[in-house]
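There are 2 protein chains.
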Amino acid sequence: MRYLDDINPEEFSEWFDTVIKEAEIYDYGRYPVKGMGVWMPYGFALRKNIIELIRKEHDSKGHEEILLPLLIPEDLLIKEEEHIRGFRDEVYWVTHGGLDELDVKLALRPTSETSISLMESYWLNSYKQLPKKFYQIVSIFRYETKATRAMIRLREVSTFKEAHTAHSTFEDADRQVREAIEIYSTIFDQLGIPYVISKRPDFDKFAGALYTIAFDTVMPDGKVLQVGTVHHLGQNFSKSLDVKVLQENGENDYVWQTSYGLSDRVIASTISIHGDKRGLILPYIIAPIKVVIIPIYFNDEEKKGVIEYSEEIRNELENCGIRTVIDTRTELTPGKKFYDWELRGVPIRLEIGKREISSKTVVIVTRDELKKKSIAREKICESVRKEGEEIDKRLRERAKKKMEEKISKVEKLELTMEYGERVRGIIEVPWCGSEDCALKIQERTGIRVLGSPIEKPEWIKGKTCPVCGRNAVTSLRLAKTY
Amino acid sequence: MRYLDDINPEEFSEWFDTVIKEAEIYDYGRYPVKGMGVWMPYGFALRKNIIELIRKEHDSKGHEEILLPLLIPEDLLIKEEEHIRGFRDEVYWVTHGGLDELDVKLALRPTSETSISLMESYWLNSYKQLPKKFYQIVSIFRYETKATRAMIRLREVSTFKEAHTAHSTFEDADRQVREAIEIYSTIFDQLGIPYVISKRPDFDKFAGALYTIAFDTVMPDGKVLQVGTVHHLGQNFSKSLDVKVLQENGENDYVWQTSYGLSDRVIASTISIHGDKRGLILPYIIAPIKVVIIPIYFNDEEKKGVIEYSEEIRNELENCGIRTVIDTRTELTPGKKFYDWELRGVPIRLEIGKREISSKTVVIVTRDELKKKSIAREKICESVRKEGEEIDKRLRERAKKKMEEKISKVEKLELTMEYGERVRGIIEVPWCGSEDCALKIQERTGIRVLGSPIEKPEWIKGKTCPVCGRNAVTSLRLAKTY
Numbered sequence: 044m045r046y047l048d049d050i051n052p053e054e055f056s057e058w059f060d061t062v063i064k065e066a067e068i069y070d071y072g073r074y075p076v077k078g079m080g081v082w083m084p085y086g087f088a089l090r091k092n093i094i095e096l097i098r099k100e101h102d103s104k105g106h107e108e109i110l111l112p113l114l115i116p117e118d119l120l121i122k123e124e125e126h127i128r129g130f131r132d133e134v135y136w137v138t139h140g141g142l143d144e145l146d147v148k149l150a151l152r153p154t155s156e157t158s159i160s161l162m163e164s165y166w167l168n169s170y171k172q173l174p175k176k177f178y179q180i181v182s183i184f185r186y187e188t189k190a191t192r193a194m195i196r197l198r199e200v201s202t203f204k205e206a207h208t209a210h211s212t213f214e215d216a217d218r219q220v221r222e223a224i225e226i227y228s229t230i231f232d233q234l235g236i237p238y239v240i241s242k243r244p245d246f247d248k249f250a251g252a253l254y255t256i257a258f259d260t261v262m263p264d265g266k267v268l269q270v271g272t273v274h275h276l277g278q279n280f281s282k283s284l285d286v287k288v289l290q291e292n293g294e295n296d297y298v299w300q301t302s303y304g305l306s307d308r309v310i311a312s313t314i315s316i317h318g319d320k321r322g323l324i325l326p327y328i329i330a331p332i333k334v335v336i337i338p339i340y341f342n343d344e345e346k347k348g349v350i351e352y353s354e355e356i357r358n359e360l361e362n363c364g365i366r367t368v369i370d371t372r373t374e375l376t377p378g379k380k381f382y383d384w385e386l387r388g389v390p391i392r393l394e395i396g397k398r399e400i401s402s403k404t405v406v407i408v409t410r411d412e413l414k415k416k417s418i419a420r421e422k423i424c425e426s427v428r429k430e431g432e433e434i435d436k437r438l439r440e441r442a443k444k445k446m447e448e449k450i451s452k453v454e455k456l457e458l459t460m461e462y463g464e465r466v467r468g469i470i471e472v473p474w475c476g477s478e479d480c481a482l483k484i485q486e487r488t489g490i491r492v493l494g495s496p497i498e499k500p501e502w503i504k505g506k507t508c509p510v511c512g513r514n515a516v517t518s519l520r521l522a523k524t525y
Numbered sequence: 044m045r046y047l048d049d050i051n052p053e054e055f056s057e058w059f060d061t062v063i064k065e066a067e068i069y070d071y072g073r074y075p076v077k078g079m080g081v082w083m084p085y086g087f088a089l090r091k092n093i094i095e096l097i098r099k100e101h102d103s104k105g106h107e108e109i110l111l112p113l114l115i116p117e118d119l120l121i122k123e124e125e126h127i128r129g130f131r132d133e134v135y136w137v138t139h140g141g142l143d144e145l146d147v148k149l150a151l152r153p154t155s156e157t158s159i160s161l162m163e164s165y166w167l168n169s170y171k172q173l174p175k176k177f178y179q180i181v182s183i184f185r186y187e188t189k190a191t192r193a194m195i196r197l198r199e200v201s202t203f204k205e206a207h208t209a210h211s212t213f214e215d216a217d218r219q220v221r222e223a224i225e226i227y228s229t230i231f232d233q234l235g236i237p238y239v240i241s242k243r244p245d246f247d248k249f250a251g252a253l254y255t256i257a258f259d260t261v262m263p264d265g266k267v268l269q270v271g272t273v274h275h276l277g278q279n280f281s282k283s284l285d286v287k288v289l290q291e292n293g294e295n296d297y298v299w300q301t302s303y304g305l306s307d308r309v310i311a312s313t314i315s316i317h318g319d320k321r322g323l324i325l326p327y328i329i330a331p332i333k334v335v336i337i338p339i340y341f342n343d344e345e346k347k348g349v350i351e352y353s354e355e356i357r358n359e360l361e362n363c364g365i366r367t368v369i370d371t372r373t374e375l376t377p378g379k380k381f382y383d384w385e386l387r388g389v390p391i392r393l394e395i396g397k398r399e400i401s402s403k404t405v406v407i408v409t410r411d412e413l414k415k416k417s418i419a420r421e422k423i424c425e426s427v428r429k430e431g432e433e434i435d436k437r438l439r440e441r442a443k444k445k446m447e448e449k450i451s452k453v454e455k456l457e458l459t460m461e462y463g464e465r466v467r468g469i470i471e472v473p474w475c476g477s478e479d480c481a482l483k484i485q486e487r488t489g490i491r492v493l494g495s496p497i498e499k500p501e502w503i504k505g506k507t508c509p510v511c512g513r514n515a516v517t518s519l520r521l522a523k524t525y
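The listed protein sequences derive, respectively, from chains A and B. The opening residue of the first sequence carries number 44 in this note's numbering; numbering runs sequentially from there. The opening residue of the second sequence carries number 44 in this note's numbering; numbering runs sequentially from there.
Calculated from the structure, these hints are not laboratory results. All values derive from a computational prediction rather than experimental measurement. We treat Cβ as the ideally placed atom computed from N, Cα and C, and that holds for glycine. Incorrect hints may appear among the rest.
Said to hold, decoys possible - Which residues of chain B face chain A? A few of them, derived with a C-beta cut under 7 Å, are:
1) 105
2) 107
3) 424
Said to hold, decoys possible - No farther apart than 27 Å at their CA atoms in a straight line, the calculated lysine-lysine pairs in the DSS-like style are these:
4) 77/B x 122/A
5) 175/B x 64/A
6) 414/B x 429/B
7) 189/B x 99/A
8) 282/A x 77/B
9) 91/B x 104/A
10) 148/A x 189/B
11) 380/B x 171/A
12) 175/A x 64/B
13) 429/B x 171/A
14) 148/B x 148/A
15) 506/B x 176/A
16) 176/A x 104/B
17) 422/A x 380/A
18) 91/A x 77/B
19) 148/B x 104/B
20) 287/A x 64/B
To be verified - Which chain B residues face chain A? A few, computed with CB under 8 Å, are given here:
21) 108
22) 109
23) 254
Generate coordinates for the entire structure from the input sequences, incorporating the hints supplied.
This is how it looks when you write it as structure tokens:
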């Protein structure tokens with residue numbers, strides 16, 4: 044199914060680069076360090092609203108925000124063996140302060156499991172303090188050797204929300220993993236980003252974790268983007284950093300931990316998944332400007348009344364807490380203004396002319412459908428809010444439907460070969476559950492294994508693993524990924 | 044003049060370290076990199092409220108928030124000669140990514156004049172875009188060789204608000220300096236932080252600026268803390284980074300710039316200036332918890348009613364947007380709870396017992412005065428807000444009065460010798476205006492020159508410069524500083 048103005052999969056990459064530049068979201072490729080860009084005012088405001096939404100969901104579940112130092116000394120970062128093995132090749136090192144060489148090299152944080160565990164060893168004493176849930180929103184750094192990409196594969200990931208939790212038992216950490224999945228689902232649902240949740244194969248879990256659960260979405264070009272991960276860390280870090288508490292049974296024991304992260308990719312996918320050929324379509328809930336008013340007049344006499352009426356409406360909307368802008372530029376035609384604000388994805392446009400004044404109405408146009416409708420002036424706040432909610436609902440449903448169309452169930456590996464030409468998106472195959480077969484499937488198809496659903500799917504009943512022929516116990520998802 | 048419970052000047056340093064630790068503001072000295080600490084949940088919430096206050100003042104004057112990369116390549120940082128000369132000894136350098144040595148060394152931003160100017164060279168084309176006001180709130184890094192101090196002298200300054208503006212003319216940049224002074228005055232007034240505003244001597248201005256204006260406050264130990272600076276940058280950076288726009292006269296010319304900054308020191312001074320021997324006294328306007336309710340009961344029967352009534356009041360306050368906590372801990376006596384929340388500086392305490400239920404009242408106690416008063420339950424939100432405003436007014440006035448007492452006017456340099464034993468604070472001497480005499484005053488007294496007031500003071504009329512004997516044209520402020 045294709046919608047009017049849908050982005051062509053082949054053109055997505057160019058579309059993305061153009062739209063983030065022209066809508067003044069993120070200046071990328073001009074700052075003279077590869078993989079690092081600049082959040083421009085409009086993009087910063089969008090990012091801020093998305094961060095606030097993320098904050099709210101974490102705060103409401105008892106997470107406490109903190110701020111840890113950026114620099115992690117080498118001897119701290121290497122405490123957990125698996126962890127440093129996973130990150131060693133992509134850590135930036137500070138070696139000098141002024142003209143002095145430092146005694147201990149300092150890493151730019153690639154993530155903060157080691158430093159939060161160190162602080163927990165001071166802060167936590169008793170099971171009575173548990174569960175304890177911290178988070179911070181910071182920049183992290185990865186010396187990516189692959190091609191970088193604005194907001195998607197960066198060397199400075201400038202929007203990284205990392206949560207770190209501590210628990211008395213394995214089971215409580217497991218429960219926390221489920222809570223994190225719930226929190227992330229709520230966040231993505233509000234942004235209208237569809238997703239599948241997969242348990243990553245062991246060979247692709249977070250360095251230092253017992254297991255990793257990931258949220259993946261499908262971008263308009265059919266490639267899959269990992270947008271969030273949740274890790275059960277077991278006692279790996281608590282043992283390495285000596286985070287012990289007095290347990291209920293009177294003994295001192297190591298805590299159980301989880302961590303989970305979101306990044307700039309949440310913003311990148313919000314932009315990509317809803318956009319169309321005209322530019323951005325921002326969900327009402329996080330749009331920095333919710334309403335733009337375009338005054339329409341044909342002479343100076345009309346102008347005065349139209350501007351006055353527009354200002355009244357703007358003030359009324361602002362008083363209702365609805366961020367509204369009037370485009371009073373005189374050098375542009377209304378048509379040119381429409382084009383401008385459509386590019387920026389403002390969800391609601393109000394057109395106001397002579398006729399609206401006399402009929403006490405305004406013309407309302409939603410960014411996703413671009414249909415005109417007249418609404419009563421006296422109910423302006425209520426109507427705008429209702430339209431906003433409906434836009435978000437439509438965006439969410441449309442995105443979900445599109446993604447479902449891009450998930451194909453396949454029983455024979457040969458069929459995955461069509462992938463890339465015709466299918467795109469995610470392929471699901473029956474799977475026996477062995478890591479060995481998963482690796483073979485990845486090798487034979489050349490397509491990356493995302494992992495298996497967290498609940499056993501119905502459709503694999505009676506199906507067999509395409510590698511070993513044993514009965515399938517679950518399915519395995521495959522995709523070309525970012 | 045001394046107030047009950049005032050911190051002794053000699054004990055201030057210890058008081059500060061103890062209170063930020065025990066009130067769980069900022070964990071300092073345990074994280075294994077010197078000069079870098081951790082914002083704990085309560086401290087983070089305080090920091091967030093202060094940041095929001097700072098944001099609001101900048102946004103309301105048309106500043107746009109952005110986010111620039113942390114890393115500045117060496118060849119960019121050294122473009123402006125004076126600037127790099129000022130910062131060369133205190134820049135941290137990233138030299139390696141993974142196991143590779145980088146082609147170009149990357150500095151951890153010590154400040155962002157060079158990178159914003161580079162971006163302005165892309166973003167700004169015409170005088171019609173001017174004035175343009177950007178700001179960001181980020182971590183900056185300085186390899187301090189002096190003794191570090193929590194929140195006051197850090198190697199990671201984790202709360203740095205830096206504003207950067209561009210203008211068509213010298214005069215408009217001058218006007219912007221005045222606007223910045225106004226914005227900072229409003230911020231400090233709201234926080235009840237008293238200040239003097241001084242033009243720094245040329246030998247102490249920001250590296251790369253034409254001139255620097257600074258806000259200084261006096262800490263409880265009598266030492267002066269610089270809490271904000273405003274710089275007129277002239278065309279120094281715009282010429283080095285080639286930031287040209289089409290001017291109104293049709294010619295391309297370099298823009299004029301200003302920059303101004305605030306740091307963690309705003310939080311440190313809010314804590315220090317209002318605190319007393321019992322701990323923090325947070326201004327109501329930025330307190331993370333505005334009200335704590337202590338339920339008081341003597342048996343289980345009383346407990347039920349008291350807790351219910353307390354919850355009703357809490358809900359009512361929360362519905363009014365007033366962040367309120369009930370301390371329901373059973374293992375602590377009310378007295379111990381009082382002590383706990385006084386340490387944390389919660390501005391308003393409500394005590395609720397059997398008597399309050401029957402008389403439909405609550406007992407209200409403000410943190411600064413600790414006097415009990417009974418108020419009607421039905422007007423709870425209104426009364427709390429009013430008390431909050433009055434606390435802030437009292438804190439502001441008390442702090443201002445204390446600071447005024449610590450400014451001494453002196454005509455002969457010999458008298459400054461008493462400083463440190465008796466006087467403490469700021470000394471003002473008449474001054475002829477010559478940099479040479481300022482340097483001599485600094486050398487002879489061994490006390491740092493802060494600079495001169497931005498408006499010529501009345502009292503210097505007929506007075507002479509204590510070095511050269513010429514007529515004074517203004518005064519010069521001296522102090523022991525952090």
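Hints, one by one, checked against the model:
no., hint, verdict
1, 105, "11 Å, violated"
2, 107, "4 Å, holds"
3, 424, "20 Å, violated"
4, 77/B x 122/A, "19 Å, holds"
5, 175/B x 64/A, "19 Å, holds"
6, 414/B x 429/B, "15 Å, holds"
7, 189/B x 99/A, "40 Å, violated"
8, 282/A x 77/B, "25 Å, holds"
9, 91/B x 104/A, "19 Å, holds"
10, 148/A x 189/B, "20 Å, holds"
11, 380/B x 171/A, "19 Å, holds"
12, 175/A x 64/B, "19 Å, holds"
13, 429/B x 171/A, "38 Å, violated"
14, 148/B x 148/A, "15 Å, holds"
15, 506/B x 176/A, "63 Å, violated"
16, 176/A x 104/B, "37 Å, violated"
17, 422/A x 380/A, "25 Å, holds"
18, 91/A x 77/B, "31 Å, violated"
19, 148/B x 104/B, "37 Å, violated"
20, 287/A x 64/B, "21 Å, holds"
21, 108, "5 Å, holds"
22, 109, "5 Å, holds"
23, 254, "26 Å, violated"
When each numbered hint is compared with the structure, violations occur for hints 1, 3, 7, 13, 15, 16, 18, 19, 23.
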